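Enquirer: The opening position of the sequence shown corresponds to residue 1 in the UniProt record's numbering, with each subsequent residue numbered one higher.
Treat the hints as calculated values from the structure; they're not laboratory data.
Here the structure is a predicted model, which means the values were calculated and not measured.
Pairwise CB distance ranges, derived in the manner of DEER restraints:
1) GLU208 - SER122: 29 to 35 Å
2) LEU169 - GLY123: 33 to 39 Å
3) ALA212 - ALA292: 16 to 22 Å
4) LYS291 - PRO174: 23 to 29 Å
5) GLU160 - ASP310: 48 to 54 Å
6) SER294 - SER71: 26 to 32 Å
All C-beta atoms, glycine included, are put in the ideal place defined by N, C-alpha and C.
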Amino acid sequence: MSDLVQRYGVFLNVENPHDDARDALRQTVRTGMAAEQMGFRDVWVAEHHYSPFAIGSALTVLLSHIAAGTSTIRLGTGASLLALNDPLRVAEDVASLDLLSGGRIEFGVARGGPFPAQYRPSGIASAEVARERMHEALALIERLWTERDTCFEGRFFRYESVAVYPRPLQRPVPVWLASLSGQSPQIAAQHGYGLMAAPSADLDQVAERVAAQRAQRGAFPFAIARFFHCDEDGRRAMEHGIEAVRAYPRLMGVHFPPGKLPPMFAPDASNDVILANAIIGDPEQCMARAKALSARLGAHRLLLKPATHDAEKARASLALFARAAGLG
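Based on the provided sequences and hints, a complete structural model is requested.
Expert: Dropping the structure here:
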């Protein structure tokens, strides 16, 4: 399949189901490094806070370890939760990582997703406020990366005169908004940002919004993460992958507002609904699902999010897909 139509990456969430944080972190880094050896083009790492299960709170630390053990794979923040962090520090950390990695950073940003517990310690009243804060922080960071002296007057951030160093190697750093809702598509179009869809996003809605954006913008960078599990035995793959998807909302502590629950997370979601929104099966079935996405969405990056808590099984699953796709 042409790389211009669909290219493959890995989406990693640092999950700690066995209460062994050191191993969870090390296994995530190991999988990120292995992804390059398998031929994947991107590795994205999620950021979460205040959860004993999802412990990827130090996003640039994780990516720096992956960067040190790789040389070509693109390194994505999937996504940096700007509403919860000091934008000056994020600007410095990401710039340093871009320099150390040889200019391989993809800067994905998000407001914080369906995790209200993440907002409270930062004094953020709602998801809407978090979204406004995210967009304002992003505007500030982009100026900090290019201006010798920045004066900024916003609702959340105000600076008389500030400059941060070092500056990124890439000019500009690719920016992605991990949202297809609210004003994000319009802001992305205005600034030339890419758009990302989460693993749980309903494919019907995603396809509709991507088509609308292509009608307005023409070609634009788009990435979609999908829950993924591949096994030589297709039935075993489906049993394992579907079970993992069903358990995910409970383990992650997600809390969607009324009317916003993704169909695949509904308590009565059928296997067919889950499979329609995931890449699960034997290698042939997984490739068929990937090609169906390509036909429906057009050019995009497909990011595979392992639907397993067994790191060895996750890497074996990714290796099966890589071989079927002819990567490497």
